[in-house]
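Number of protein chains: 2
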Amino acid sequence: MNHFQPRTNDMFFILQQVLQAPQQLQALPSHAEADADLMQQVLEESGKFVAEVVAPLNRDGDEIGAQFRDGAVTMPPGFRDAYQAFWQAGWPSLACAMEDGGQGLPAVLEATLYEMLSAANHGWTMAPGLLHGAYECIKHHASDELKASYLEKIATGEWLATMCLTEPHAGSDLGMCRTKAVPMADGRFALSGTKIFISGGEHDLTDNIVHLVLARLPDAPPGPKGLSLFLVPKFYEDGSRSAVVCERIEEKMGLHGSPTCVMRFDEAVASIVGEPGKGLNAMFVMMNAARLHVGLQGIGLLEAAWQKADAYAKERRQMRAPGSHAKAGEADFIELHPAMRRILDTQRAWIDGGRVVAYRTALELDILKHHPEPQRREAASRWCALVTPVLKAAWTDQAFHGASACLQVFGGHGYVREWGIEQVVRDSRVAMIYEGTNEIQAIDLLLRKTLPDAGAGLLALLDDLAIDLGTSDDATRLRTALARFRTLVTGQLLPRASAPDAPPDLAHWIAEDFLRVVTLLLMAWSWSRVANADGTDDPRWQRPQSAFWRWIWPELELRMGIMAEALARPAAAAQ
Amino acid sequence: MNHFQPRTNDMFFILQQVLQAPQQLQALPSHAEADADLMQQVLEESGKFVAEVVAPLNRDGDEIGAQFRDGAVTMPPGFRDAYQAFWQAGWPSLACAMEDGGQGLPAVLEATLYEMLSAANHGWTMAPGLLHGAYECIKHHASDELKASYLEKIATGEWLATMCLTEPHAGSDLGMCRTKAVPMADGRFALSGTKIFISGGEHDLTDNIVHLVLARLPDAPPGPKGLSLFLVPKFYEDGSRSAVVCERIEEKMGLHGSPTCVMRFDEAVASIVGEPGKGLNAMFVMMNAARLHVGLQGIGLLEAAWQKADAYAKERRQMRAPGSHAKAGEADFIELHPAMRRILDTQRAWIDGGRVVAYRTALELDILKHHPEPQRREAASRWCALVTPVLKAAWTDQAFHGASACLQVFGGHGYVREWGIEQVVRDSRVAMIYEGTNEIQAIDLLLRKTLPDAGAGLLALLDDLAIDLGTSDDATRLRTALARFRTLVTGQLLPRASAPDAPPDLAHWIAEDFLRVVTLLLMAWSWSRVANADGTDDPRWQRPQSAFWRWIWPELELRMGIMAEALARPAAAAQ
Numbered sequence: 000m001n002h003f004q005p006r007t008n009d010m011f012f013i014l015q016q017v018l019q020a021p022q023q024l025q026a027l028p029s030h031a032e033a034d035a036d037l038m039q040q041v042l043e044e045s046g047k048f049v050a051e052v053v054a055p056l057n058r059d060g061d062e063i064g065a066q067f068r069d070g071a072v073t074m075p076p077g078f079r080d081a082y083q084a085f086w087q088a089g090w091p092s093l094a095c096a097m098e099d100g101g102q103g104l105p106a107v108l109e110a111t112l113y114e115m116l117s118a119a120n121h122g123w124t125m126a127p128g129l130l131h132g133a134y135e136c137i138k139h140h141a142s143d144e145l146k147a148s149y150l151e152k153i154a155t156g157e158w159l160a161t162m163c164l165t166e167p168h169a170g171s172d173l174g175m176c177r178t179k180a181v182p183m184a185d186g187r188f189a190l191s192g193t194k195i196f197i198s199g200g201e202h203d204l205t206d207n208i209v210h211l212v213l214a215r216l217p218d219a220p221p222g223p224k225g226l227s228l229f230l231v232p233k234f235y236e237d238g239s240r241s242a243v244v245c246e247r248i249e250e251k252m253g254l255h256g257s258p259t260c261v262m263r264f265d266e267a268v269a270s271i272v273g274e275p276g277k278g279l280n281a282m283f284v285m286m287n288a289a290r291l292h293v294g295l296q297g298i299g300l301l302e303a304a305w306q307k308a309d310a311y312a313k314e315r316r317q318m319r320a321p322g323s324h325a326k327a328g329e330a331d332f333i334e335l336h337p338a339m340r341r342i343l344d345t346q347r348a349w350i351d352g353g354r355v356v357a358y359r360t361a362l363e364l365d366i367l368k369h370h371p372e373p374q375r376r377e378a379a380s381r382w383c384a385l386v387t388p389v390l391k392a393a394w395t396d397q398a399f400h401g402a403s404a405c406l407q408v409f410g411g412h413g414y415v416r417e418w419g420i421e422q423v424v425r426d427s428r429v430a431m432i433y434e435g436t437n438e439i440q441a442i443d444l445l446l447r448k449t450l451p452d453a454g455a456g457l458l459a460l461l462d463d464l465a466i467d468l469g470t471s472d473d474a475t476r477l478r479t480a481l482a483r484f485r486t487l488v489t490g491q492l493l494p495r496a497s498a499p500d501a502p503p504d505l506a507h508w509i510a511e512d513f514l515r516v517v518t519l520l521l522m523a524w525s526w527s528r529v530a531n532a533d534g535t536d537d538p539r540w541q542r543p544q545s546a547f548w549r550w551i552w553p554e555l556e557l558r559m560g561i562m563a564e565a566l567a568r569p570a571a572a573a574q
Numbered sequence: 000m001n002h003f004q005p006r007t008n009d010m011f012f013i014l015q016q017v018l019q020a021p022q023q024l025q026a027l028p029s030h031a032e033a034d035a036d037l038m039q040q041v042l043e044e045s046g047k048f049v050a051e052v053v054a055p056l057n058r059d060g061d062e063i064g065a066q067f068r069d070g071a072v073t074m075p076p077g078f079r080d081a082y083q084a085f086w087q088a089g090w091p092s093l094a095c096a097m098e099d100g101g102q103g104l105p106a107v108l109e110a111t112l113y114e115m116l117s118a119a120n121h122g123w124t125m126a127p128g129l130l131h132g133a134y135e136c137i138k139h140h141a142s143d144e145l146k147a148s149y150l151e152k153i154a155t156g157e158w159l160a161t162m163c164l165t166e167p168h169a170g171s172d173l174g175m176c177r178t179k180a181v182p183m184a185d186g187r188f189a190l191s192g193t194k195i196f197i198s199g200g201e202h203d204l205t206d207n208i209v210h211l212v213l214a215r216l217p218d219a220p221p222g223p224k225g226l227s228l229f230l231v232p233k234f235y236e237d238g239s240r241s242a243v244v245c246e247r248i249e250e251k252m253g254l255h256g257s258p259t260c261v262m263r264f265d266e267a268v269a270s271i272v273g274e275p276g277k278g279l280n281a282m283f284v285m286m287n288a289a290r291l292h293v294g295l296q297g298i299g300l301l302e303a304a305w306q307k308a309d310a311y312a313k314e315r316r317q318m319r320a321p322g323s324h325a326k327a328g329e330a331d332f333i334e335l336h337p338a339m340r341r342i343l344d345t346q347r348a349w350i351d352g353g354r355v356v357a358y359r360t361a362l363e364l365d366i367l368k369h370h371p372e373p374q375r376r377e378a379a380s381r382w383c384a385l386v387t388p389v390l391k392a393a394w395t396d397q398a399f400h401g402a403s404a405c406l407q408v409f410g411g412h413g414y415v416r417e418w419g420i421e422q423v424v425r426d427s428r429v430a431m432i433y434e435g436t437n438e439i440q441a442i443d444l445l446l447r448k449t450l451p452d453a454g455a456g457l458l459a460l461l462d463d464l465a466i467d468l469g470t471s472d473d474a475t476r477l478r479t480a481l482a483r484f485r486t487l488v489t490g491q492l493l494p495r496a497s498a499p500d501a502p503p504d505l506a507h508w509i510a511e512d513f514l515r516v517v518t519l520l521l522m523a524w525s526w527s528r529v530a531n532a533d534g535t536d537d538p539r540w541q542r543p544q545s546a547f548w549r550w551i552w553p554e555l556e557l558r559m560g561i562m563a564e565a566l567a568r569p570a571a572a573a574q
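Protein chains in written order, with numbering that gives the first Met the number 0: chain P, 0 to 574; chain B, 0 to 574.
Same shape as in the complex, but just chain P (with noise of 0.2 Å):
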């Protein structure tokens, strides 16, 4: 079995031809350095990294697994080494800002690298994955001492961090979460309660480790508002250890090599990371982040998947192809058999028309933080708004079934451990589920983001697809299908779901093709840009496109029609 290798020229590609990546970036003045050559050196380096670190430690990642003993968790083989050779190498602050000891690098390059990254051991990199997340949440909510205390370590990488969240009793529901906080007289707390399904939350890959731990003050209200973040370190700056204990890590179908730890907390000594009752508001912060990485993961295991289903394809022969040369007696290579071909070709449509979505979204959130101009940055947050929940649940629902479809490319060989196929398909499972489940995407997309203004935003971000796409026949296409969903959305979509009579689940009934329709729209302009771009002319990027338009865009009706039929009878939608 071969690790995995970052292909850096594709991706390159994709920020250079098709987003012109450096000049949007030089055009920003804390990013005029980000010139092609920067950009270039950096994806290479950290592709060298991730291939000759991370990717062999994939395996023994998941066959042995993170282990756990008394409390204590030991991670797979290598892990330790890799991670810490990691953080000295200065990945992990790579988008951090200078003055917190990072490097100042535009969050398109951080995007980049967590692609890769969790292609080659999406097990290993859920231990840094919320690095980014934790730091931005301490840099802007926690008080001067928490920072001096915290925000380089966090930064740096040298000490990894933990999102407590989820309960027994409350998983997509954090206002149900009801660990206590008890204020103590030095103006810290003491907290109590029990974290389910926290990823990393023990593990010996660094010295310390910094929870952020949701609970409630005794005197909070029910719901949301009344949770408050906190910050519980394994260790205290005194080197004592605080009240936090790994009680079990849980068995899993895959992602072995990340502990998911059920967390106690008994009155561990706790300070609060800004004000009370916004604790959700302090956490949004790391949650948006740490969508875009989980879409993130959907395209690197996609990748991971068809790179083992493309290569196995190239080199083992099964039956006669239709039309075959082979001679006689001979059979052809698996790529030449139009089913194969047709599950490799629409994954690569998957995975480039995934990467110009969500590379553009890491450009947005550089624009979104550096941009002069407010409105410049008010467009760009309405894009990260809009197309991080559909990354995050298009791009994962994708890298499961695709590596599932690449599995198949493997015949028999597929569902035996040998090629390691089979193991994407069970690690990239969980991520249709972790960072709000697909489902609530799909929820909050519709029901948080677009009815609540009148569509006003989602109409913006159609009207930001529409912008140089050309005259193609393609660009046609999708000229036309904006056209027709905006007019599904005006007509039908806003008028009778805020209909006063309308039933209050009848939204819900249709938030998944909603979402499926945004994802397709995003999709052709993806390959309507890639289109547009020079040096797409060959069958690299021909099949991929050619299976874009053949076998995925056709969803588009699927989706529309569902919609359109449950919005002309909401009262037989809502059952």
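Since the hints were derived computationally from the structure, they do not count as laboratory data. Honestly, I wouldn't trust all of these hints.
If chains are identical, the list can't say which one is meant, so a pair holds when it fits in one copy or spans any two.
Claimed, not checked - Calculated pairs, DSS-like style, for lysine-lysine (alpha carbon to alpha carbon, straight line, at most 30 Å):
no., residue 1, residue 2
1, Lys277, Lys224
2, Lys224, Lys326
3, Lys326, Lys448
4, Lys313, Lys224
5, Lys277, Lys326
6, Lys224, Lys179
This structure is a prediction, so every number in the text was calculated from the model and none was measured.
Following the hints, put chain B in place on chain P, whose structure we already have.
Chain B alone, transformed into the frame defined by chain P:
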């Protein structure tokens, strides 16, 4: 975690109310006694055995699995006792002829038995899964001498059987097999070669194992016509052991309760089954039985996943559902959330729709065997030939994807092993591959069974589906779709795919879409039949019926569109 509980009432309802199985069977001279009471009694008894004996072993089957050591395979705890009880109670011989030691009951009752067994314990069920095929194969092709030694042992299940086809370099294309059979002086053969992916090649369930092996005589022509079928037992009648060795068992994604063996034959003394060069012919009996069986596995596994998710959704609360009547601060049952309801009802639609199709197929097998009129037998033969690959491909596909959807109902709890739902996802994945990958089934349906007779069989099948539809809206929708598909087939598919200048791969590109269209037509037929049955106006049947038309049926347009597009531009379709 609860064990699987067969719901035999649901199954009986489809047999009696939807398919009128008792009446159909009683019209066959050999099954005059198969009345409703008998059928219900067999269903209940088999359900009891499945629930009490087989289902409780499923978890250990996965977690402990089959163990290999020094050529021997130890099955998971309880597997041997359960199998001994199974054959001694007469279950394997349910549908074998009475003169062979069987009970002479209809095939449709064997179908329901195996559906339940697969739902309860897929790994265990692999062991007897090939028995009936082996029985038919020996009965119809073996010499009287071989029959005297083996037929009754296989019919009763006292001995288990394997099907040794695949070789390391020959998967889907059996014509490439290299295993050699050299004639010996006594009329027997010395068989040498290596076979892979042999389910139950070695185990401790029975005292003997009978291998049916495809191999090549020294003077055999290359390709599939050079294959003959041989029988090699683990132990000969004199008690001596044959030269067949299990070299190892595969490490797999799931199905750990079934050993997948690499079998080496070292001049093993073998008897020929049937005529030289007709091995594939003799094997096809087995393979067709196996394909229906695998389709039933898909239905069973999806039912197992649905039961778990349905129970969880009814007992766990999560967030407030739209239009909630829950008290302030209280969450709603998961089943009240539209996205979860959609998942549950959609799977229910596939399970019930699949049962109607699968049970009818099993009934057609009974009719094919026993109906006095040749014309009716011909119709039955057509149904089985065309519908079996559809059942195999579409319902194993749905088992995996639907089980994954059911996992989603559990949120993060679905990804941990505790609830057993992730096992169903892992176990079910293999069924998309074995007994001919789902891509092979699509090619079989379109290229081997539809194009060669210029669509005659397919068009007759479409006519069959239009019989007795009634006048409901659903029936009208189905009739319209049948007519449109007929036009697509006769107007575009047949003329263009068989045009002299048609690209040789044209039909291959749309084989999957073709199979999906037939799937959806069969499903629509099922649900129209259900709608016409008495007692289906309650939510138990109304909800999945509505789910079918709202969320499954729209794929028909999508697939017909892809086909029409490819056929309209054959050169573009065939790259």
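- Message: At most 30 Å between CA atoms: does that hold for Lys224 and Lys179 within a copy, between copies, both, or neither?
- Response: Close inside one copy (14 Å), not across copies (75 Å); limit 30 Å.
- 30 Å Cα threshold - placement of Lys326 relative to Lys224: Between. Shortest inter-copy distance 18 Å satisfies the 30 Å Cα cut-off; intra-copy 72 Å does not.
- Message: I want to check one pair: Lys277 and Lys224. Are their C-alpha atoms no more than 30 Å apart within a copy, between two copies, both, or neither?
- Response: Classified as within; 7 Å inside a copy, 75 Å across copies.
- Task: Give the relationship of Lys326 and Lys448 under a CA distance limit of 30 Å: within one copy only, between copies only, both, or neither.
- Result: Between copies only: 26 Å across chains, 59 Å inside a chain, cut-off 30 Å.
- Message: Please sort Lys277 with Lys326 into within, between, both or neither, judging by C-alpha distance up to 30 Å.
- Response: between (71 Å within a copy, 25 Å between copies)
- How would you classify Lys313 and Lys224 at a CA-CA limit of 30 Å: within, between, both, or neither? between (56 Å within a copy, 28 Å between copies)
Checked against the numbered hints given earlier, this structure breaks none of them.
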